[in-house]
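Asker: In short: position in the sequence shown from 1, add 930, done, that's our numbering.
Think of the hints as simulated: they come from the structure by calculation, not from any bench.
Glycine is no exception: its CB is placed at the ideal position from the N, C-alpha and C atoms.
Misleading hints may appear alongside valid ones.
27 Å max Cα-Cα, derived DSS-like pairs, lysine-lysine [to be verified]:
(1) Lys1060 x Lys1191
(2) Lys1146 x Lys1060
(3) Lys1308 x Lys1337
(4) Lys947 x Lys1094
(5) Lys1159 x Lys1146
(6) Lys1191 x Lys1337
(7) Lys1094 x Lys1060
(8) Lys1470 x Lys1191
Derived Cβ-Cβ restraints for the label pairs, each shown as a range [stated by the list, open to error]:
(9) Gln1515 x Asp1120: 26 to 36 Å
(10) His1360 x Glu1180: 53 to 63 Å
(11) Arg973 x Pro1383: 47 to 57 Å
(12) Gln1491 x Gln1515: 11 to 21 Å
(13) Leu1382 x Glu1052: 28 to 38 Å
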Amino acid sequence: MWWGVLMCGIAGFCSFKADFLEEAERWRRVLVEMRTAIAHRGRDQTGEYLQHRVGLSHTRLSIRDLAGGVQPMLRRRGEAEYGIVYNGEIYNAEELKQDLLSRGYGFETTCDTEVILCGYMEYGMEVAQKLNGIFAFAIWDGNREALFLCRDRLGVKPLFYAVKGDTLVFGSEPKALFAHPQIRPEADLDSFREIFGVGPARTPGCGVFRGLREVKPGCVLEYSRERVKEPPYWVLEAKPHTDSYAQTVETVSWLLRDAVKRQLVSDVPVCSFLSGGIDSSVVTAIASRQLGQEGVTLNTFSFDFAHNDACFQSNAFQPTRDRPYVDQVLALYPLHHTYLECDEATLAGLLGDAVRMKDLPGMTDVDASLLYFCGLVKQHNKVALTGECADEIFGGYPWFYREDLLKVDGFPWSPDLSARTALLSDEAIHELNLEEYTRERYRDTLAQVPLLPEEKAETRRRREMSYLNLRWFMQTLLDRMDRTSMAWGLEARVPFADHRIVEYVYNVPWSMKYENGMEKKLLRDACKDLLPPQLLYRKKSPYPKTYSPVYEALLAERFEQLLANPQAPVHRFMDRKKAAQFLAQPKDYGRPWFGQLMAGPQMIAYFLQVNDWMERYGIS
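Between the sequences and the hints, there should be enough to build the whole structure, so can you do that?
Answerer: What follows is the structure, encoded as structure tokens:
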């Protein structure tokens, strides 16, 4: 049996000194405003729940059990009432249900929401450890008078919160919190240290806006009269790896196939993003084989940019275009494929929309283009499989194997802060002290890396690199995928983010992941029956971007307007003379300042997004 999937938006508040029922109409209106702010995450159904100490609201993208899955969902035991609002999907709901049935629970729906709620009533918050899936949920425990916020192990689904006085406010996106009368978008110097120092990444748990936090991946936040605490229910562990290479290949092969199979089940057609890279290609191949047994043809979509036929520039990070490899997959499997393309004006025009959907500056044209493409995909499908997270888990990025990047004493995807400070005023550089801020964030993370006793320095560094990528870089891409897909009510699934894969591969030695000097060799060997060698062993190529001078000219025009506007709030940090000189220089596409995609043109776009963010949220 498949359980109802709920890719949704959740929001609410809790206080132990207020009585919300004394002004019930007012607070119900607040709940409606909070879930309306994130209505794009699901417009199929809505609901609110208000009691003396708590309010919960929900907006739903329903895939199954349209009537039975209405939220907030409530259950009673004796005099106590329990309520849940939930965003996500649980892949082992049937197994959990069977155990709960044996313990005397009855079920009124086929929705995994009810499994989580009954699971909490039976196991307490230990239920989180039993879940295989992606999720963010809030549970009100009327017996204990406590609110619990919980987020999946790898942070696939978002969950923000703020404590204002004696009130905790939460929501799937910051904009939900800003609809609450006590929460306003504000920033301090640390906000801008995040934006200019580590952005578009974020320190784990940091919401960038002043006072805004995010429940950390793998954690539960408990809010009660006695305390506010956020303990982890899951931590990555370092363990000896005793499997042979052949056994390791077999295990990875099974885990990946099982993850894709679990995430294929749906009562609406599932599609996949097919870039032509190894990650999306193997997910597509597994999905196509599985659906083919049921007589179903998989829909697939690939993304590219207008004029890249003429303008593409091969470089170390992006050596080849993807289109020929997409065509190879299409020749192998019976797929219904659609090539999607974005032009330069559309791309530039969506930079502001990308900020609005994320509530923050982001990966500029990467966010904007993915936002555009997800909107087109949603016209055909409601659920999509993606190849996200494989590079972070299996070591696909250059900083995993290039000695110069491996030895960087800092975040390897952003090894040189000089590009970030190139447009900042001397005063801002001194005031923000980005070097010290990023160094502290980096070292804080290294202190958390799971290690085995007496590991050699090289092995230790490999673990550090894996952990840094899981906690920082992968989270940035998962945030991007969640906001750009949920902006249209498109459910994006990430089979590689199955926690069983992460736990196993984290402990596989680098010599197996990089066998014979090839990145992600372990993954490639685990999938050698799915793809031809010329595709399976191709050089990695990241998400496509435009190389068109037209796009760069559009950015330059907008940037010149910003420089000419003395009221532009980003001037608080920017040096106009430096910015004008930067604008006049040729843009280097081969030396990114973040990841593999954000180079010279993206620096211009990022400052445009920062300015848009400051204007949009009234930040001075």
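Asker: Which earlier hints can't be squared with this structure?
Answerer: Result: hints 3, 6 and 7 break, sorted rising.
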